[in-house]
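One line per chain: the protein sequences are A and B, in this order.
Last residue of the first sequence: 326 (this note's numbering), numbering continuous.
Last residue of the second sequence: 648 (this note's numbering), numbering continuous.
The hints are simulated quantities; they were obtained by calculation from the structure and are not laboratory data.
Quick caveat: nothing in here was measured; it's all calculated off a predicted structure.
Yeah, the Cβ is synthetic: ideal placement off N, Cα and C, and Gly gets one too.
Don't take each hint at face value.
Derived coverage of chain B by chain A (criterion: at least 3 residues anywhere in the stretch with Cβ under 8 Å from a Cβ of chain A; other residues may be distant) [claimed, not checked]:
1) 416-424
2) 446-460
3) 476-482
4) 633-641
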Amino acid sequence: MTNISYLKALNRAVTDEMARDPAVCVFGEDVGVAVTNVTAGLLKRFGPDRVVDTPISEQAFTGFATGAALAGLRPLVEYQIPALLYLAFEQIADQAHKFSLMTGGQARVPVTYLVPSSGSRPGWAGQHSDHPYSLFAHAGVKTVVPATPEDAYGLLVSALRCDDPVVVFAPAGAVGVRADLDLAALAPVPLGVGRVHRAGTDVTLVAVGAHVHDALAVAAELEGEISVEVFDPRTLHPFDWAGLAASLERTGRLVVVDDSNRSCGIGGEIVATAAEQLRLTAPPRRVTRPDGAVLPFARELDLALQPSREQLRAALRSVVKTAWEA
Amino acid sequence: MPDPAGLYRTVRLIRRFEQRAIELVHAGEIVGGIHPCLGQEAVAAGVCAALRPEDQITSTHRGHGHVLAKGADPARMMAELAGRTTGLNRGRGGSMHAADFGVGILGANAIVGAATPIAAGAAWAAVRAGADRVVATFFGDGAVNQGVVLETLNLAALWRLPVVFVCEDNGFATSTRTEAATAGTIAGRAEAFGVPATRVDGMDAQAVLAAADAAVAAARAGGGPSLLECATYRFDAHHTWEHVARPRYRGEDELARGRARDPLEIQGERVPSAEREAIDAEIEQVLDDAVRFALGSPRPEPADALEFLYADGSRPRAGALS
Ligand SMILES: Cc1ncc(C[n+]2csc(CCOP(=O)(O)OP(=O)(O)O)c2C)c(N)n1
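Here chain A stands alone, though its shape is the one from the complex (with noise of 0.2 Å):
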């Protein structure tokens, strides 16, 4: 067993991607140096050919992403801060991921768009703060966001495998997140499949990204009083509805809890779904940031808009009294 952080589950998954296949090559600002630490010992290992430090031109080097991947490559492209995907979101959302269909599946484009510290980091203010998840979820992008190191490491090394465009948030709230692992037994995660962290009869929770650790220190303490199922969908498109279901069917109440903005969220998806298609026995509650948020720069400001510990603990007892009119 060793001792390995979600940041080091990373770095690991691109080196052994890169080491069994020629194709990998990384693409960002500082990589090189490994400001972020994903790309760690890289440029050493593999070289400039295959460790590209960019300009600061993210329209252009994902854009250029897409080329090479439409040349036969499988491009890592990483970004600093997650704001950046909004400039990137032309050529994530409306090229990269419309070339298959646009070209009636003459081509693929296999690229990882991954954002190492995503969502609030304490004092970052309101252009480093955001989590948008939701926006690629939406466009219909395959969207990842893992929560722990083991699946940090098996789900990057899905995304570098798929044949369609992939973005991989690492929340900022788990990238320091550690775990004693087996390394050998490192694995890849298949993308579109949840992970049932604890088993639970009342009330399913579903929790996104960093908040699966809250998800599960609340579900602990409740222990006694509500028995939590916490349920991890680990990738937001492709969703993992079957695995949802299946929850449900055990408990019939749900609580998501999703630290992006509520309107539009997947947060509201995934009680929408569960609403019109899966087993409920109790109206649905969600807590999420509030619609349209700018995270403050005061960190009572920051938080007081973030998904809280507190928040889930009113929203699990609280569906547990309710149940739909008779």
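Add chain B with the ligand to chain A, keeping to what the hints say.
The following block gives chain B with the ligand in isolation, referenced to the frame of chain A:
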């Protein structure tokens, strides 16, 4: 070495292809309309004549000329415009997304300027693979004010990529004149990044070919990117719906002056008339066959509307509850 008859043939093919396509738009067989490149054929013909089959191009919303000149089958191209399963993109792309990877066409692109970084990435991958492929990326004068084009010029110059940036300055971006949108010059943008720029008569296919030959040879030899600024003129509407709205942004005099320098005539004069007539007849036959093929081809099944969305073959769940 220019092949006058070959260039003429390409210009003639593009001209007649588009005229036939416009007829099909008016007949309701091509839905959504097209952006015709009538008048601009010499740019496509000249540049693509300088390319080898394994070289690649990216194109624009006004891409029929580039796609045909690079070697796409006119019948499958026409079928694509008509939205048939036999089309280049199986009816999923249409006029603005026509692609044929088998002959190096990485796709027409409907977002102004967006294809330039894709071309640069493909060129980088070629260098990395040790291939001596060149990628030509076509864009209009309107695109030179897009940030992504300037970012890409920087990258291509920095990394000495085998990309030929081909700007078709047809005088307009929709109704906006080049000089009303563009501070400085088009060539100046390239030169700012150390990319050599050549201004060429875009109505003369041989002149375009000569300039493109030099640019392609330099790129192939490791000399990096260059820009061709092709002065051309759009004879017809920005888009076929312009015939409905009829916005006025140029007078009849100006149009007549522009049309007087017709690339078809300029190149046609260089070909003996008997040979020219034979080419014309052959192209009519090709296009009769293309239209017949397109209109006789099957339309896709509605149930397959999201086929090809993901390269892994998966399809999303239905949008509407069944
Ligand atoms: C980024 C972007 N902005 C606006 C449009 C709408 N649009 C389509 S074609 C066009 C004009 C483009 O002009 P130019 O690049 O000169 O090419 P031309 O049409 O003259 O061939 C515009 C504004 C678009 N497709 N993409």
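Structure-inconsistent hints, enumerated in ascending order: none
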